[in-house]
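Participant: Take a look at the letters that make up each chain.
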Amino acid sequence: MAELGQLRALVAYEVSRRWRSLLVWGVALGGLGALYVALYPSMKTFMEQYLEQAPENMRRFLGELRGPLTAEQWLGMEFLDMLLPVALPFLVITMGARALAGREERKTLDLLLGNPLARRQLVVSSLLTMAASLALVLAVTWVISYLAVAIVGVELGAGRLASALAALWPMCLLFGALALLLSALVRRSAIAIAVPAVVLIAMYVVEALAQVSKTMEPVRIVSFFYHLGSPIQGDFPWTTVLAMLGGVCLLGLCASIAFERRDLYT
Amino acid sequence: MTPAIVTESLTKYYGRQVGIERLDLEVRSGEIFGFIGPNGAGKTTTIRLLLDFLHPTAGRALVLGLDVHRHSVEVRRSVGYLPGEFGLDVRMTGRQLFAYFARLRGMDSLGWAPMLADRLDLDLDLPMGRLSRGNRQKIGLLQALFHRPQLLILDEPTTGLDPLVQDTFLQILRETRDDGRTVFLSSHILSEVERVCDRVAIVRGGRLAALETTESLLEKQRKRVILVFASPVDPSAFAALPGVTNVQADGNTVILRLDDGIDGVVKLAAQHTLLDLKTEHPSLDEVFMDYYEREERWQN
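Residue numbers (the working numbering), protein chains in the order written: chain L, 1 to 266; chain Z, 1 to 300.
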């Protein structure tokens, strides 16, 4: 029970310390979502004409779009499948990297661990902080984007938009957990940021290339973007989401073991 | 009574470099224990091993009777720790920091923090980013003391404090001891160790060079003898006496260091017209330097 109280205190402190920046993230991403929603009525006809004449490779890149362009297709193409999955992981990658290695670099770890905390509590609280922060940013993004849907009068279900945003949560968290593991291992926050960032960009590029090049198709299996698909246009990817949450737990466990075993420096 | 700290052959290597080597130490409950040595002697390594921040290469450490690795959390529950270097969340106030740390310790109040802040003249309501270096150090001291720990482990605690605050702080340490609690004080400032510590350990190159009560450490060491004569005398006669070293002559004055009894010096001085004779016990600084010089001579 005492451990739970400590975890609550750690997460509450970290989230409250960041609430302004989380709000900025949420408002910025929600604002972009709202912008795309607002652009949909005027872009619909233009995009439909463009897609009719677009080269085959471009049509495949944009998700094999045919016929009338729906709001789901438009938001998926521009915002939910392209911008958000690349931008949002950086929020948690930096959080994961700074949770352990960053604290060592800023020399705040000693004071914190002078308290009766187990190292694993710090790892678990960092994961929970990332999960809560992401949820907060996604919730704000959803609220602002859906406000635009209601104001502009676009046909798009609130549940469909929510599930598309929710599907991003475990994927972003997985990159955050990777940063946390590296932070537990290497004691350099720059490395803990750089490696997941490179992996993220590489996965995005692989998936993008696989959509236009048949030779790249077998490789796309390594990309999380491929497994995630485009949830706003179809079913919620339960298997992928559960597998990613399993990956988060596994990386968290490895981070906990690595952090437990290593020396802490100032 | 269970000793506050016991180390048994505690060893830490960083690759091939020695952090500390086979350190055997016992800090008694209810004492102020000074831990002195130059940079790189192994003081901070020892402290970090005691807190389970570092894992030993060999040996073990017990704090308040508990193995520091197996019972790391329990140990830190009873310990107040001030690191030699620390960072603070600059946007937070001291009060917010203590409220946070109190929650982590399961306390429902700020403990002794307000009272100690008052004694050390620290404003708990200012963002810590706006505090001077000395006031940040006070925050560090308070976070080590506010939960009234059984054992205080302090690494260079008076860095950045003005002399008045240093006095108050040393008084707080004495009160901690009088309360039956223990203080493990690592410091470069030997005069403060001399003023407040009951026993002192000197570390050098990761090894224990001496461990004694502060009093006996000072007593045992070579005294300085100052002889003032009516006219200049030949100092070489004094240098030839057994137990006499570092003989210096300056006009009518001869200054020497004395290991053994003073009888030979007095008899030799009496052969001249002696105007004054003074003996001075060395300061801890001198004792410390003496240990180092001896060690270097021995190694050469």
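Misleading hints may appear alongside valid ones.
[As the list claims (entries may be wrong)] Quick list of simulated restraints, FRET-style, between CB atoms:
(1) K107/L - V266/Z: 49 to 57 Å
(2) V86/L - R22/Z: 49 to 57 Å
(3) L253/L - Y14/Z: 53 to 61 Å
(4) D167/Z - K107/L: 25 to 33 Å
(5) D285/Z - I191/L: 41 to 49 Å
[What the hints assert, rightly or not] If the Cβ cut is set under 7 Å, some of the chain Z residues that face chain L in the computed set are:
(6) L54
(7) A58
(8) R76
(9) R77
(10) F86
(11) G87
(12) V90
(13) Y100
(14) F101
(15) G106
(16) D108
(17) L170
None of these hints come from the bench; they were simulated from the model.
Cβ atoms here follow ideal geometry from the backbone N, Cα and C, with glycine treated the same way.
Participant: Taking 7 Å as the limit, does the beta-carbon of R76/Z come near enough to a beta-carbon in chain L?
Facilitator: Where the cut-off is 7 Å and the nearest Cβ of chain L is about 5 Å from R76/Z, the hint holds.
Participant: At the C-beta level, are L253/L and Y14/Z separated by a distance inside 53 to 61 Å?
Facilitator: 28 Å, violated
Participant: Using the nearest Cβ pair, does F86/Z come within less than 7 Å of chain L?
Facilitator: 5 Å, holds
Participant: Taking the closest Cβ pair, is G106/Z under 7 Å from chain L?
Facilitator: Given a least distance of 6 Å, the restraint on G106/Z holds.
Participant: Assuming the hint says 25 to 33 Å, is it satisfied by the Cβ distance from D167/Z to K107/L or not?
Facilitator: 28 Å, holds
Participant: Is the interface hint satisfied for G87/Z? The criterion is a beta-carbon contact with chain L at less than 7 Å.
Facilitator: This interface hint holds because 4 Å falls under the 7 Å limit.
Participant: Between V86/L and R22/Z, does the C-beta distance stay in 49 to 57 Å?
Facilitator: Holds, at about 55 Å.
Participant: Does Y100/Z meet its interface restraint, that is, does its C-beta lie within less than 7 Å of any C-beta in chain L?
Facilitator: 5 Å, holds
Participant: Take the shortest C-beta to C-beta distance between A58/Z and chain L; is it under 7 Å?
Facilitator: Violated: closest Cβ of chain L sits about 15 Å from A58/Z, beyond 7 Å.
Participant: Does the Cβ distance between K107/L and V266/Z fall inside 49 to 57 Å?
Facilitator: 56 Å, holds
Participant: Could you check if D108/Z really has its C-beta closer than 7 Å to a C-beta on chain L?
Facilitator: With a minimum Cβ separation of about 11 Å from chain L (threshold 7 Å), the hint on D108/Z is violated.
Participant: So the hint says 41 to 49 Å: do the beta-carbon atoms of D285/Z and I191/L match that?
Facilitator: Roughly 44 Å apart at Cβ, these two residues keep to the hinted range, so it holds.
Hints 3, 7, 12, 16, 17 from the list above are not met by this structure, while the remaining hints are.
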